[in-house]
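Q: Given the coordinates of chain A, assemble chain B onto it according to the supplied hints.
There are 2 protein chains.
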Amino acid sequence: MDPQPEATGQPLSSDEIGLIHAWWRAANYLSVGQIYLLDNPLLREPLKMDHVKPRLLGHWGTTPGLNFLYVHLNRVIKARGLNALFIAGPGHGAPGVVANTWLEGTYSEVYPAIGPDEDGLRQLFRQFSFPGGIPSHASPDTPGSIHEGGELGYSLLHAFGAAFDNPDLIVACVVGDGEAETGPLATSWHSNKFLNPATDGAVLPILHLNGYKIASPTVLARISHTELDALFRGYGYLPIFVDGEEPDAMHRAIAAALDDAVDRIHAIQKAARDGGVTTRPLWPMIVLRSLKGWTGPKIVDGQKSEGFWRAHQVPFTMDKPEHLGLLEEWMRSYHPEELFDDGGRLRPEIAALAPRGDRRMSANPHANGGALMRPLRLPDFASYAVPVVHPGESDGEATQVMGTFLRDVVRENAQARNFRVFGPDETASNRLQTIFEATDRSWDAETIADDVHLDPSGRVMEVLSEHCCQGWLEGYLLTGRHGLFSLL
Amino acid sequence: MDPQPEATGQPLSSDEIGLIHAWWRAANYLSVGQIYLLDNPLLREPLKMDHVKPRLLGHWGTTPGLNFLYVHLNRVIKARGLNALFIAGPGHGAPGVVANTWLEGTYSEVYPAIGPDEDGLRQLFRQFSFPGGIPSHASPDTPGSIHEGGELGYSLLHAFGAAFDNPDLIVACVVGDGEAETGPLATSWHSNKFLNPATDGAVLPILHLNGYKIASPTVLARISHTELDALFRGYGYLPIFVDGEEPDAMHRAIAAALDDAVDRIHAIQKAARDGGVTTRPLWPMIVLRSLKGWTGPKIVDGQKSEGFWRAHQVPFTMDKPEHLGLLEEWMRSYHPEELFDDGGRLRPEIAALAPRGDRRMSANPHANGGALMRPLRLPDFASYAVPVVHPGESDGEATQVMGTFLRDVVRENAQARNFRVFGPDETASNRLQTIFEATDRSWDAETIADDVHLDPSGRVMEVLSEHCCQGWLEGYLLTGRHGLFSLL
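Sequence order for the protein chains is A and B.
Each residue of the first sequence is one higher than the one before, counting from 1 in our numbering.
Each residue of the second sequence is one higher than the one before, counting from 1 in our numbering.
Everything labelled a hint here was simulated from the structure, so no lab data went into it.
Bear in mind that the values here come from a model prediction, so they are computed numbers and not experimental data.
No false leads were slipped in.
Each pair may be met inside one copy or between any two copies, as identical chains are not told apart.
Derived lysine to any residue pairs resembling SDA-like cross-links, with alpha carbons at most 20 angstroms apart: (1) K304 x D450; (2) K78 x R356; (3) K304 x D451; (4) K270 x D168; (5) K304 x T447; (6) K304 x V452; (7) K78 x I265; (8) K304 x I214; (9) K53 x P131; (10) K298 x I448; (11) K304 x L454; (12) K298 x V452; (13) K304 x A215; (14) K78 x R264; (15) K298 x D450.
If we strip away everything but chain A, and leave its shape as in the complex, we get (with noise of 0.2 angstroms):
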């Protein structure tokens, strides 16, 4: 067993850990701001009751994680000249991942409405789970975002349909420790066994182990760290456990554990490509342990919020009026004045952290299928057609006939490698065995010599999980490929 990583280099020096903790600082800021703010986007005067929403929407305790993970990545994707996606799992996720876009300027690139400036700010922290504004999901609208999140499972089979085919991209998939519950996702894990390492692109998988779903604790986050290390191990992945809350430490180790995690995807991809090795790797994936509602009240009316499940949507709602203090001493703890200049941009030292056009995460033409999709080649269907001289006096089988076609379809467009069959093990059964002769199932796993059709490069993705089907094909279609759900 490879011996447990630990994530404790030092890669950081400490004016990049300032300005990756100013950035964090911002997107924390712009995801209270969403929740809770129809205008003083700045605090530029001492905060009334008018500038509040009047119904207070959205989820604050996943927020400080994804937010922490964004820029994290965004430093080594810019180290390394990565090409990568962000998936956020976690459920109503978009005050984290919207405040990125807008930090990263993508958010005002595609609605201009929304600049890059106090007004801007104004236009988005009042346009969030507002009539007419945009959901508390990471929905469609979201630059860079493949993944809505609103029915919880799909994360991680998003990321991998993803990563299908596409040998240089990095999905990285954040998933909730509520969204681990579901079974979905649960039984994704294992699409590891599915991902060839010389033709496909990379998933990482972080475990986002905040601790608690919307009133209560997550099973993952209460079993001893030997089950949830022989767990992932068991599901074939190397975790990167990352686990504290002071922000310092915890930049270092996280900086750390994404070096280490980048490193050994390039060295599988290595020993996949040139060296040829075919047996499957043990990827790497980080465990995150953060506090929920990180950097947010500590106490609110008596009660434990930071750390605690109280911290899950809404940390506290605004019919109290202290409770206006509580909301303004917590945004000036990120110092809005350090981070934006005097028009409210975000000051450039700090903007610079940003990778350069489309390495943004979201602006990756990935995350926008329409922008890459090739028309697939289709041979003509009449082609195909069963000859019928005389009525009912011609046998023939509607999905045999199917995968003849479904086979020159693989053939023709074999090269552009942008197609593919999925199904729960009844290609052969649905009687669409035909493809069998262009292509093989999709198995990265152990093989025995009787075997047949097995190949890692195979077009057909046969699992028992119809989940599984499913969410490889949304994340494959949503990034710009063709596929078939064949299920009968």
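A: What follows is chain B alone, placed relative to chain A:
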């Protein structure tokens, strides 16, 4: 970490093995008969095509493993006076389940037209997957079955649902390795965090790793032993491995494994019930790695069948005349003349292996909820009405009123322990929180000082998997209790 148990004990004499092996042969014979035969059930005359069903349906692959486990569970039930249920997770496992219920005599008691004799056997064979007969899943008419298995993924959830509040019950749950790929099954292993060893019964999961689905390998059969062991330890179980194909050695190994597992279950229960141990125990489970279609034809038409996916459904069709001989040779390999007397009755020394009366898993009253159900005590719902003196002047919240009603239902049935509320972490956010005045959330994982309303005996079952909520509730209801699935 607990040392790896080795299932190498020698609890069985050669005579016992001989009788157990005879029962297994009889069950396998009856299973093949159900799939293939219309007539000539005891092969009193040479097999002819007229004796064979015109259309073959059924699944042989999983059946010998189910039969093997059934007879060995009977041994341990008799030896220790256990109160046990059998849940057959693998799809289409009815030939095996029905065969054993007939061998136990229950089938003929419930359906007198299908007697415990040659004519009964003929009817038993004919009715299987036949117009007017029974389906190929363990459908609700199967004595002792609460789990049809038509939609794969719920076997373990049904098992836990049955075990809740049945402290003397052991639910043996065979999980197919195909089913194990589904999302609901993958997350349902975590049900052990919601089971109270003091007041609930036990579930003994038996992962039947026969290696194949319809036409390809299963994921769990093609990962390393190290990963498989880690996965189940990560899920919080102590896996006991039984692996092989030579019947004599396998009879000894599974018997030792079952003795070991039952010893551990009893020790866990004793520690919780007498010793007051409150930490979550390390429940045993069994991993049975055996051949798909074990004891079936090794080669069919020159291709590997036993131990391969080709044995999954019907190992061969009857469209070739030479298959008639193959079928007869296969069925005669079980030596039916040694198993049944001249009247077609199971020989008494073999029949004596079955437990008596309602200790037979096919006759266990827990599998027939109606036989045990006590009415739920319900307060008069009218007394919870929100008073409306003048139209439009009263305030009330429907679900909060419902929560008060549920609180009182919990109180009035506290002694009976036959009511639970299931839901995905929304009991409080759906405003049913008054129920927590009477009970807590069921929770047997770790706790911290800040936690509220968590208790191993809680009546509220919350997990962020609606599959779990649904499956647990089904198992609870089908064993004669009451529950509510709250989902808004």
